[in-house]
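Let's have the full structure, built from the sequences with the hints guiding it.
Letter by letter, the chains look like this.
There are 2 protein chains.
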Amino acid sequence: MPVGTRATVKTLSPQNLLDLHAQIILGNTYHLYLRPGHELIKKAGGLHNFMGWHKPILTDSGGFQVMSLAGLRKITPDGVRFQSHIDGSYHFFTPEKVIEIQNAIGADIIMCFDECPPFPATKKYVTDSLETTLAWAKRCRSAHKNTDKQALFGIVQGGIYEELRRRSALELMEMDFPGYSIGGLAVGEEKEDMYRITHFLHDILPSNKPRYLMGVGTPGDLLENIGNGVDMFDCVMPTRNARKGTIFTRNGKMIIKSARYKEDFSPIDSECECYACRNFSRAYIRHLFSVDEILGMQLASIHSLHFYLELVGKARQAILEGNFDSFKKSFGANLDEIMD
Amino acid sequence: MPVGTRATVKTLSPQNLLDLHAQIILGNTYHLYLRPGHELIKKAGGLHNFMGWHKPILTDSGGFQVMSLAGLRKITPDGVRFQSHIDGSYHFFTPEKVIEIQNAIGADIIMCFDECPPFPATKKYVTDSLETTLAWAKRCRSAHKNTDKQALFGIVQGGIYEELRRRSALELMEMDFPGYSIGGLAVGEEKEDMYRITHFLHDILPSNKPRYLMGVGTPGDLLENIGNGVDMFDCVMPTRNARKGTIFTRNGKMIIKSARYKEDFSPIDSECECYACRNFSRAYIRHLFSVDEILGMQLASIHSLHFYLELVGKARQAILEGNFDSFKKSFGANLDEIMD
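From first to last, the protein sequence lines are chains B and X.
For what it's worth, our numbering labels the leading residue of the first sequence as 201, then goes sequentially.
For what it's worth, our numbering labels the leading residue of the second sequence as 201, then goes sequentially.
One or more hints might be untrue.
[Claimed, not checked] The list that follows gives simulated cross-link-like pairs (lysine-lysine, DSS-like), each with its CA atoms no further than 30 Å apart:
id, chain 1, residue 1, chain 2, residue 2
1, B, K514, B, K391
2, B, K210, X, K324
3, B, K323, B, K243
4, X, K242, B, K457
5, B, K210, X, K409
[Stated by the list, open to error] Some, not all, of what chain B presents toward chain X, calculated at C-beta under 10 Å:
id, residue
6, D219
7, R235
8, L511
In short, the hints are calculated from the structure, not lab data.
Here a beta-carbon is modelled for each residue, glycine too, at the ideal position from N, C-alpha and C.
Structure representation (structure tokens):
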């Protein structure tokens, strides 16, 4: 899912996303709640209408953003009191409030409010946090008013502790959510721990419901976790890097501002079918970055999202054809180590 | 002509410009010479190939930009010595050099190197300057190597002095250029003086060759000068204003950041057919500007360029139908005074 934090995937229009064959995008509840506000979005007829994107949208719960406001937030059993990073104003997110906000925003898939523990955290901390998250999941489920139009996912927490992950998954499955998210990874732990946890959850989570790994990741992360049964991902990585001139390609990252591309009139990737590669050279895109022209960020974002979407599209096809492992191996061989 | 100073119309892709039915865009020789450099553009196969825009392009001569570098440039009979505004490096533009640069860039329409006098300037200064410009026009004409593919326009100067404008036009017409530009207006003189000069030149310049009024202007300026026989314009006004949140509409300028649009879910202009108006509300575009999202600048630029291109398109149609004066009157009645 391309990330559209504040009701836009940065630098791109909905038409660009349609051209990229994006099927679903993500919006951030915390950011949308602050600006423009969920009430405004509701008056606009929901986020789809507000931003002119009429395909599926997923919103997160705001839990991750709120927890990241170190020093500006206080966790209580009832919810989280926090200060806006914009103007310092005080707000209080409860499970019920977060569902009310997400009901107003109107995304097709919404998330339970969770506490995302930091990394590292003691087992004691993660256990307490998990109990809070499970209690909040129940409250979110009860508060959710729009079950026929919005699928509410439970979020599996438990840090890098398999025992806690199992407990989290099993208790959420008892609540019978239409899909399950895996939160609390990609927060600083070792790659091996991330892969170990998704692998561990592979046999626990129901195979007939979607699994969404939140905030992940590199192309290598995607392939590894698809191998562990994950169906959905979101990450700012392709677009945030692109805006800084680092472009994802089949052969690794390309630092497009590099002097080596100054007179390189070939496309970013001669085999790529995206708008950027069909029409523009590395030299041109480098020039745009050199003179701070916005089109450079757009073309880089288009290519990197195309690369990501093509990667998962090919993975999907390989799964259907029963040869995902060989696809993963052959694709991975082309990725240099910095992609991991 | 939308202005694409540094090989891109700011915030827009060539596809956006095609969707807007732009027929021709402008590039700035001074800026392209400094970055990425005309030699690089030549190696790319010319500016069309470099920037992926395969419809006509016009380049200015750099004269206006170089003259604007007050304190950083020295005019001599042979040319202008100046310092780059980027790194302070020294450069020397002669008529021959400017033609060499424009031949390398490869635009379909190119300009003679001219001295654009400041405003106000004494008649003595403007006369001397004009003589320089006329001498340079001759040298440009001789230096131009690519006459079958690039049309070189002469630039009429002479400030607000009709006698000098006549002399400038007649001497250039003797050199028989394929088109004539009117320079040195919109530099601070009264509107009445601008209109007086274009009206004055109307009966002097040949009616079978295009006339291009450089760096103009507001919607009102366009209509007034079309009435005075001008065929072509370029101006950063629609795009530069759009990027700051000021949008041109049939009913005047719209300051989209204004709080009055916060919950206004109607499009910028409900009768407009542009991508921004067909898909997005004022409230959404206001939100994008409020949170500094680039899509806001893009949508505002798309609308304002559409407005300008539709305005000249309708003027063209009205001329063909023989009712330009009534069109101008009816259209102008809708424009509030800030459009002038």
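Hints, one by one, checked against the model:
no., hint, in the structure
1, B:K514 to B:K391, "holds (23 Å)"
2, B:K210 to X:K324, "violated (54 Å)"
3, B:K323 to B:K243, "violated (44 Å)"
4, X:K242 to B:K457, "holds (20 Å)"
5, B:K210 to X:K409, "violated (45 Å)"
6, D219, "holds (9 Å)"
7, R235, "holds (5 Å)"
8, L511, "violated (24 Å)"
Against the hints set out earlier in the document, violations occur for numbers 2, 3, 5 and 8.
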